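Here is what each chain is made of, one letter per residue.
2 protein chains.
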Amino acid sequence: MILEVADIRIQPGKQAEFDAAIQRGVETVIAKAVGFKGYKVNKCIETPERYLLQIWWATLENHTVDFRGSPAFAEWRAIVGPFFAQPPLVEHFNLVAQSSD
Amino acid sequence: MILEVADIRIQPGKQAEFDAAIQRGVETVIAKAVGFKGYKVNKCIETPERYLLQIWWATLENHTVDFRGSPAFAEWRAIVGPFFAQPPLVEHFNLVAQSSD
Chain A
36 MILEVADIRI
46 QPGKQAEFDA
56 AIQRGVETVI
66 AKAVGFKGYK
76 VNKCIETPER
86 YLLQIWWATL
96 ENHTVDFRGS
106 PAFAEWRAIV
116 GPFFAQPPLV
126 EHFNLVAQSS
136 D
Chain B
36 MILEVADIRI
46 QPGKQAEFDA
56 AIQRGVETVI
66 AKAVGFKGYK
76 VNKCIETPER
86 YLLQIWWATL
96 ENHTVDFRGS
106 PAFAEWRAIV
116 GPFFAQPPLV
126 EHFNLVAQSS
136 D
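Sequence order for the protein chains is A and B.
In the working numbering, each residue's number is its place in the first sequence (first place is 1) plus 35.
In the working numbering, each residue's number is its place in the second sequence (first place is 1) plus 35.
What the hints contain is simulated information worked out from the structure, not anything from laboratory work.
If you're wondering where the values come from, they're calculated on a predicted model, not measured in any experiment.
Take these hints with a grain of salt, some might be off.
Which copy is meant is left open, because identical chains are indistinguishable; a pair holds if it fits in one copy or across any two.
List time: in silico DMTMM-like cross-link candidates among lysine to aspartate or glutamate, alpha-carbon distance up to 20 Å [said to hold, decoys possible]:
#1 Lys75 - Glu126
#2 Lys49 - Asp101
#3 Lys75 - Asp42
#4 Lys67 - Glu52
#5 Lys67 - Glu84
#6 Lys72 - Glu84
#7 Lys67 - Glu96
#8 Lys67 - Asp101
#9 Lys67 - Glu81
#10 Lys72 - Asp101
Bound conformation, chain A alone (with noise of 0.2 Å):
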């Protein structure tokens, strides 16, 4: 399993509208794709216009290829895509260690 991590920056003051904008695309398009197996979003304290997206994948070609080679990447990014200031800086991921519990 592999982590994907998108560190994305939107638009001043979009915000809630964003905190559902993501939620949403997240829950009706990519939970759909092959390979996914879960997400978290996280939006920043010091920085509010920043979240960080972690969506694990069975593979990192579940991601990379699987899924931004089908349509379901354009319906995703037309969910999101108008709330972002600038490309999100995406990277993928394995783990090296965490708590036990």
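Using the hints provided, position chain B relative to the given structure of chain A.
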């Protein structure tokens, strides 16, 4: 509960040593701090010098005041600091949404 995210860049070629050091630093120092609730360390696939350290704290001040103002902060930095290529970007986050399972 709030989430601290540290975006870390280490010196090239030190990944294996840093994998062990960051786990040891969290488990022997930070895990004993007041308000510590759990952690996760991830390493980046596309940018091998990049790590994300996530720590959950009971309150923001448990990190920014209690931990950073304690001798434990210097102990922690003595373990991981020598690997850093630049000062980590550290911010704090609230949860917006997550998968139900």
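Looking back at the numbered hints, which does the structure fail to meet, lowest number first? 2, 4, 5, 6 and 9
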